[in-house]
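Colleague: If you want the building blocks of each chain, they are given just below.
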Amino acid sequence: MEDSLLPTLTNVFREVFPGMSLPLSRQTTAADVKGWDSLTHITLMLSVQRAFRVRLSASETSQLRNVGALIDLLRAKLER
Amino acid sequence: MNAELFSQLSWLPRPPADFHDQCRALQQAAGAQGRRVRALASHALDENKLNALAGAIEALRATPGALEPLTPFKLGIASNATTHFLAPALVATAARYGFALQCVEGGFGQALQDASNPGSAINRFRPDAVLVALDYRGLPLRPAPGGAEADEEAVSAAIAHLDAIRAAFRANAGAPCIVQTLARPPESVFGSLDPAVPGTLRHLLDGFNRRLVERLRGSSDLLLDVSGMAETVGLAEWHDPTIWNIGKIPFDHAFLPIYAEIACRLFAALRGRSRRCLVLDLDNTLWGGVIGDDGVPGIVLGQGDPTGEAFLEVQREALALRSRGIVLAVCSKNEDAIARTPFREHPDMLLREDHIAMFQANWQDKPANLRAISEALSLGLDSLVLLDDSPVERGLVRNLLPEVAVPELPDDPALYARTLLAAGYFEAIAFSAEDRRRADAYRENALRVVLKQGAAGVDDYLRSLKTVVDFRPFDAAGRSRIAQLIAKSNQFNLTTRRYSEAEVERMEGDPDRFTLQVRLADSLGDSGMIGVVICVRKREDWEIDTWLMSCRVLGRMVEDAVLQELVRSAMARGIRRLVGTYVPTARNKLVEEHYAKLGFDHAGREPDGSARWELFVEKHVAQVLPMEITRSASL
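In order, the protein sequence lines correspond to chains Z and X. Last residue of the first sequence: 79 (numbering that gives the first Met the number 0), numbering continuous. Last residue of the second sequence: 634 (numbering that gives the first Met the number 0), numbering continuous.
Since the hints were made in silico from the structure, they are not lab data. In this text, a Cβ means the ideal position worked out from N, Cα and C, and glycines have one as well. One should not assume that every hint holds.
Said to hold, decoys possible - Derived, one-sided and incomplete: chain Z residues facing chain X with beta-carbon distance under 7 Å: (1) Glu14; (2) Val15; (3) Gly34; (4) Ile41; (5) Leu45; (6) Val47; (7) Ala57.
Assemble the whole structure, with the sequences as input and the hints as a guide.
Modeller: The structure is reproduced here in structure tokens:
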């Protein structure tokens, strides 16, 4: 149940990083995805906000260690 | 929801599901890929898809000739905000307008230095134009409410700064500047009083924008009305304080596609690529209903009815376009004389025949008619825009004549006019007295052009629609629609015999009658019941008492499918001959040759002028039709 947001998030990642080959998991970090740098991180965060219809603050988006942390953040926002 | 019309470029078709695969495939293909790039760019692309396509374009750029026949266009971008995200959106969007765009960005916040230094990256690039994308936050426009003089000085200083940038780029890059109006933020100081108090940000930005427009008038530099677009989609959505703080990103990226779109329209206008002619469909585009069936009193148009007002608005905007020099033409599947009657007789019609430079109403397919319009007016196909409510016609034209712009339309006709105008096909960078007279000149020069036979490729397109035609005998479920079609259909109606719903009911299960209700569905939607046939048995003959169809399915070989079904059923029931009758009326000239086209032989004329046709079923040659047939078990 923990990763029920993963399919939607995977779609967002595939849109932002069309060349992404490996499957997304909670453990995925920026180092694992080709092209995920500080600039594409902004595009990614904007795309995530649109897809999940949530707002993320600057401090929230800058502290994410991996995809698992992003999922937890999104779940907290969606359940509020 | 209405802002999405703009932010999602709703007049463009949705991108294909395998868009990213197609972008990848482009990079591996050999030879010139410009046409494929342009076709992909001509969808409603969001930021990520624009980025993906821009990536493919950049990869192709490395191979000489790979982007042909796109025209090279070089753009410098000078800004006091982050432009990193603008460039790929512009590159992909420019392909929609036939450009292979290349961008060079200046330094962050160094627009004046980039302009003044002849050796700057932008100046050395020898651009075709420079986009001066300034944000209000980087200009000397500090709010200080109350001081009229300080307000005036601040606006003058900001304008002087911009003047200096423009003059330097003109001198050092030899290129015109594209200058943005400033979108004001939603934050206010006093509330409604803001625009009245000098020195508020609202007052400063209003003053700046007004002065900027005046400065650019008569110069070779162009205005990009970012402020107008931001207000259109909503200033509170446009300005996102979080992303400004994170990366000095000047507006929400949900609007990157429309920002790039309005910028690229200017490149197109600069190169004379704006569209010049609006081609209008008639039924359910200029009025509600079908003129051939409903007649002048029956069509929906005019004040007092919300739908009638919606179509009035379409006509009003078409006239407004005409008065600024856009040529109007008509392209409709209709009988010419009938199609003209509303223009002559309907009291609420705003459009009149003399507004229309070229009136093509006939039963040929639309691509052939659009070619005829293009030839008669001596305007290229890439000058035409087709406004048409039918998704099938839109798809057919896009498929066979990709040069013609065909906006997607929402279901609600109240949004037709807005959607057409949002698409920005007729972007202009100047307006002269000559423009005002142009539409008349075209009308005078227009020639009648004889049409060639249907365009090649129509068959393939019809096949791609995955049409399914369904046959079943009259039944209770179809009864009221059958009765309605019998009561209403005028054009594609061989005998125009009217039967009440009770009479239709009595035909169900009548052993001497063979009845068909015909339905059609395709990948674009379900058209429902579109045809009715009634045959009466006379020994070994079937007399075709009634054969009617909706004109919307013309040109899709549905009549051939109906005949095939009749022949099949006739053979199964020991019927040897089909006998058809054409009873001429004021409205059904369309089907005068119906039976001849289907291979029937002429079999005499009745005293009342009606013609009889016969077909021996064993003589009928079955053909492969571009559709799937389904039928109820009882057939």
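Colleague: Each of the hints needs a verdict: does it hold here or not?
Modeller: Here is what the structure says about each hint:
| no. | hint | verdict |
| --- | --- | --- |
| 1 | Glu14 | holds, 4 Å |
| 2 | Val15 | holds, 5 Å |
| 3 | Gly34 | violated, 9 Å |
| 4 | Ile41 | holds, 6 Å |
| 5 | Leu45 | holds, 5 Å |
| 6 | Val47 | violated, 11 Å |
| 7 | Ala57 | holds, 5 Å |
In terms of the numbered hints stated before, the structure departs from hints 3, 6, listed from lowest to highest.
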